[in-house]
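Chains as they are written, first to last, in this note's numbering: chain A, 472 to 616; chain B, 472 to 616; chain C, 472 to 616.
Take these hints with a grain of salt, some might be off.
Since the list gives no way to pick one copy over another, a pair counts as held whenever it fits inside one copy or between any two copies.
Said to hold, decoys possible - Derived DMTMM-like pairs (lysine to aspartate or glutamate); straight-line CA-CA distance at most 25 angstroms:
no. : residue 1 : residue 2
1   : Lys503    : Asp614
2   : Lys503    : Glu560
3   : Lys538    : Glu566
4   : Lys538    : Glu481
5   : Lys538    : Asp614
6   : Lys503    : Asp593
7   : Lys606    : Asp593
8   : Lys606    : Glu481
Treat the hints as calculated values from the structure; they're not laboratory data.
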Amino acid sequence: MTTTDTAVAEAVLQTQIQHFYAAQMQLLDSGKAEDWAGTFTEDGVFAANAHPEPAAGRAVIAAAARKATDEYAAAGIQRRHWLGMVNVERRGPDEVFAQCYALVIETPRGGQARLHVSTRCDDLLVRAEGRWQVKDRQVYRDDLS
Amino acid sequence: MTTTDTAVAEAVLQTQIQHFYAAQMQLLDSGKAEDWAGTFTEDGVFAANAHPEPAAGRAVIAAAARKATDEYAAAGIQRRHWLGMVNVERRGPDEVFAQCYALVIETPRGGQARLHVSTRCDDLLVRAEGRWQVKDRQVYRDDLS
Amino acid sequence: MTTTDTAVAEAVLQTQIQHFYAAQMQLLDSGKAEDWAGTFTEDGVFAANAHPEPAAGRAVIAAAARKATDEYAAAGIQRRHWLGMVNVERRGPDEVFAQCYALVIETPRGGQARLHVSTRCDDLLVRAEGRWQVKDRQVYRDDLS
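Looking at chain A on its own, in the form it has when it is part of the complex:
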């Protein structure tokens, strides 16, 4: 059984991005909004068809995430972001384009879990300082597409 170096490199890349998504979204869902923003590049962009304007730069992304996090906490709602069906395309040694699906599951304290929204997510990821970071994220809610 032989496995080519290219096949190994592709599998490692695919797995790293999956792992990155798991760690990244666990930060947001556990309320660490600023740490989550730190998974974007300093000049990173977060855009969504549900938002009037993109958030540009870590500080702006962090402030928006903090606001939403605090509102959910005040409402007693636990969010879970599931990113899956990840399709990774290498653009360069340290650059990747990844398309995935994302679900947001919400559970009110003492209440019933529910599927909030289904979305598609397009990410431009770059490797800097030895770790993957989001340079550009575009989220498309299925109900608005």
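Put chains B and C on the given structure of chain A with help from the hints.
Frame of chain A; chains B and C shown alone:
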């Protein structure tokens, strides 16, 4: 930290199948019914306990997928197929049996995302022309099992 | 394109744990309660914030799983446990701490699939007898957290 060649080969295989599923189902969900059918072998079979007859052969699979795709588009519904919990078993150098779960999430334009069905999916996959292809897919809807 | 041995080892580990979860939960969902309990160590612990007491030891875990499995079968409900967003952290050559999300999807025979609960799962996994096993699992239902 040593990693055996066998462990690497198994991980590469598992990751390739996950990647295949992501790319495959993104084709269908984005309306590329014919490209999706092209991820089956020329003589591929798609069977489901929700269908009276299996679809046999790429052309038949493509026609059925095109019909469903057009109906969903006309109804303004975005489908998302989530394949996960993928359990890959190597059958030969170029043959794999994979068991996974599949959810279908549907979102009407301007409406609420909902879980349509939960299913189990049994795939016989073969590698031909340098890429994985489905030779036989059996889908079991949980409500009909 | 070079891939370091460390990067390969990390990807192999991440993939092994994902594969373990897929195989493990397919056992439970297909009613093989005793085989599922066999994926815990002999002294394994299964604790959940929805249960008054942890189940300690394979025999106790098996008995609890058998009881639940039989109740679901009698009620005609197919369960599907989806574990995802897996974040693996190596603790040693044969020890891993993994944090993931878990959804339970339920479908009554002839009925509508529904999201039963959303949870977070913390696992201590050890490799013994050449396979990964759960030494300690803590499940936190989002509605009770």
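Consistency of the hints with the structure:
no., hint, result
1, Lys503 / Asp614, "between (28 angstroms within a copy, 20 angstroms between copies)"
2, Lys503 / Glu560, "between (29 angstroms within a copy, 19 angstroms between copies)"
3, Lys538 / Glu566, "neither (30 angstroms within a copy, 38 angstroms between copies)"
4, Lys538 / Glu481, "neither (37 angstroms within a copy, 35 angstroms between copies)"
5, Lys538 / Asp614, "both (23 angstroms within a copy, 22 angstroms between copies)"
6, Lys503 / Asp593, "both (23 angstroms within a copy, 18 angstroms between copies)"
7, Lys606 / Asp593, "within (11 angstroms within a copy, 30 angstroms between copies)"
8, Lys606 / Glu481, "both (21 angstroms within a copy, 24 angstroms between copies)"
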